[in-house]
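Engineer: Sequence:
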Amino acid sequence: MDKKSNSKTSIFKKLVLASLLLVIIPTSIIGIVGTICFSNSFKNETISQMENSANNKLALLQQVIEMSVSTSFACGSDSNTYDVLTAIRDGKENSFKLDEWKVKRDGINSYLKDLYIKTDGMFESMYFIDVNGKIVGDAFDGTSVGTDVSGMDFFQGAKESNVKSYIGNVTLSPTTKKPIIAIGLPCFDSNKKFIGVFGGEISFDKLTEMLVKKDEDINYNYGIMDSKGLVIAYQNKDLEYKLDMTKENESTKKAFDIIKQGKAGYAFCTLNGDQKVIAYTPYKDRNWYIFTECSVHDYTQSVDKFKGIMFIIGLICAIIATIGAFIFSHSIANPLKKLSATVNAISNGDLTQRVTALKSKDEVGQLSLDFANMTKSLKELISKVKNLGKDVSTASEEMTVSSEDISKVSDLISASVTGLAERAAEQATTTEAVNDEIIEIADGLNNIVDELSKSTDLTEQAKETVRVGKKSVDYQHIKMNESKKVSVDVLDAISSLSKKSTEIGNILTVIKSISDQTNLLALNAAIEAARAGEQGKGFSVVAEEIRKLAEQSTSSAKKIEFIINEVQSSVQYAFLEIRKANDVTDEQEKALKDTLNAFNNISEAFNAINYSVKKIAEVSNALGYKAKHAENEMKYIASISQEAVASTEEVSASIEEQTSIMHEVARSSANLLTLANELQSSIDKFIV
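Just so we're aligned, residue 1 is where the sequence shown starts under UniProt numbering, counting upward by one.
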């Protein structure tokens with residue numbers, strides 16, 4: 001009883017466990033997948049928002065710089081500035097009276113001061129510079145007048161740009177010593193000639209103040225990196241010009257490698273132990289990178305909250321699933337428990353138990369209905385067995401009388417079967433002899449088929465050898481054609497060389513003729529110089545040098561002519577040898593073609609042999625199959641004959657045994673009667 005109880009408990013636990021798994025596993029998978037999707041979506045949205053912020057900051061920076069440049073253009077129209085710069089360029093400062101000159105210089109300072117105040121601190125300083133690179137007026141009552149800025153990049157850039165403004169790199173102001181971006185604007189007179197430069201120092205701190213300022217409701221940090229990875233503007237001023245992305249750590253170095261590729265995007269790195277995501281966009285005019293920075297922990301907080309919510313939902317689903325699993329398991333286990341008790345009573349012989357079918361339409365309800373029908377059928381079966389027990393007792397008595405009559409008939413059958421067995425034995429002996437001869441024929445055919453198979457393999461190997469040989473000959477033919485082509489090209493080159501040598505020989509003939517004429521002219525000149533006496537000595541020396549040069553030219557021409565003759569002789573010899581090589585190549589090509597034709601003929605012959613061998617093999621296989629079939633038929637006949645002999649012998653023995661068995665049947669009938677009585681008493685134990 002304990003064992004059954006444990007089994008029921010085990011089934012109950014299995015049902016509960018299966019129900020929980022069917023709920024918990026899908027819920028867990030949905031939660032994990034949902035968390036991953038939400039995390040990726042939130043990450044992409046955050047990065048996109050950061051990239052938009054970086055682009056907005058870039059647009060703001062460009063707008064401020066353009067506005068500053070526009071302000072600079074407005075400064076070039078002051079008449080005092082025009083007069084002073086033109087006078088300095090032309091060196092006519094003294095053309096003005098001292099008071100008049102001072103008024104104009106003060107006018108420049110006043111003009112710049114008013115303009116400086118209007119910019120609301122955007123400009124760190126403003127000044128005009130003459131053609132020599134010295135400041136002639138500023139926005140601070142002339143405190144920097146006379147300062148030489150000719151070596152600064154904005155002055156040189158504005159001077160060389162002709163009409164465009166020049167924006168310099170971040171540097172220290174020559175007047176205030178603060179970080180600035182200097183704007184240089186060239187100034188011209190009415191004739192479009194350069195007279196000086198307007199210099200405006202944009203306060204870099206003021207410029208970047210609005211860029212690094214955090215936006216409302218957005219927890220992002222903003223900054224600017226230069227082309228070398230140095231942070232030149234950042235919300236945390238302590239890191240400006242100190243945080244170098246290429247030197248901080250390996251992660252920042254990798255991040256800057258991505259940033260400097262020149263395209264807008266994002267990268268991850270670790271700063272002070274905190275993982276950061278950086279969205280950036282390049283400012284190509286200044287070769288800067290405007291970036292937005294955020295801690296990964298900040299944007300993953302929402303993901304962590306989502307994970308917590310998903311965990312709570314999963315936990316609630318698990319609790320609901322547990323309650324449902326218990327209810328579901330009890331609905332199945334309780335009917336099975338009642339059904340088990342009924343089965344136990346029936347196993348003890350009590351067929352009066354009433355089995356009530358459950359009203360549920362599931363498998364458990366169907367099981368209870370089937371068990372009720374089984375109990376009803378079992379009752380009917382036991383009732384029938386009781387009646388049959390009585391009938392068996394009567395039949396046993398009648399069987400005893402019939403067995404005596406059967407014994408007499410069996411003696412007559414035994415004599416007939418003995419004669420039949422002798423004739424069957426003779427037939428089996430003859431069949432075995434024929435079968436042995438057929439086996440020998442089949443073995444011979446199998447040997448023929450094996451030999452033909454070997455012949456087929458050999459012909460296939462020979463065909464493969466022919467194919468390889470043919471391929472080798474084809475390859476030699478291709479290489480021979482290539483060799484012939486090379487020989488023809490070399491022959492053409494040699495012919496061309498021979499022609500060029502002939503042309504050189506002709507040129508040498510002309511050179512020799514010129515040398516002879518020059519020598520003759522030099523001789524005539526020497527004669528004339530001798531006639532001229534003392535006045536012709538210089539001319540005589542020149543004539544002698546010309547004669548020597550003519551003789552050297554003649555000697556060199558002869559040497560070249562000798563070399564050309566040797567070259568022409570070698571070229572002619574090479575030409576004849578290549579002709580011979582071409583003739584040999586033609587003969588080899590003919591021999592290769594004959595070899596290729598021979599290989600083709602051999603291949604066709606092997607194909608014919610292979611076809612004939614396959615035909616013979618097919619016929620031999622057919623004969624072998626028929627011999628095998630005949631062998632099997634003879635074996636079958638022999639086995640039937642042997643079985644017939646054995647059967648007749650067995651029948652004879654069986655009939656002899658049957659006679660004795662009939663006597664046993666009589667005794668068994670008596671025993672059957674006894675067993676029928678015992679069966680009746682056993683069935684009486686069941687309560688119907």
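Some clues are possibly wrong.
Pair by pair, the computed Cβ-Cβ distance ranges are [unchecked claim]:
{"no.": "1", "residue 1": "S383", "residue 2": "G324", "range": "26 to 34 Å"}
{"no.": "2", "residue 1": "I258", "residue 2": "E464", "range": "58 to 66 Å"}
{"no.": "3", "residue 1": "G324", "residue 2": "I258", "range": "17 to 25 Å"}
{"no.": "4", "residue 1": "S295", "residue 2": "A59", "range": "21 to 29 Å"}
{"no.": "5", "residue 1": "E160", "residue 2": "T270", "range": "43 to 51 Å"}
{"no.": "6", "residue 1": "S190", "residue 2": "N52", "range": "25 to 33 Å"}
These are calculated hints, taken from the structure and not from any lab test.
Note that CB positions come from ideal geometry on N, CA and C, so glycine has one too.
Engineer: Kindly indicate which numbered hints from before are broken by the structure, ordering the numbers from low to high.
Structural biologist: 1, 3 and 6
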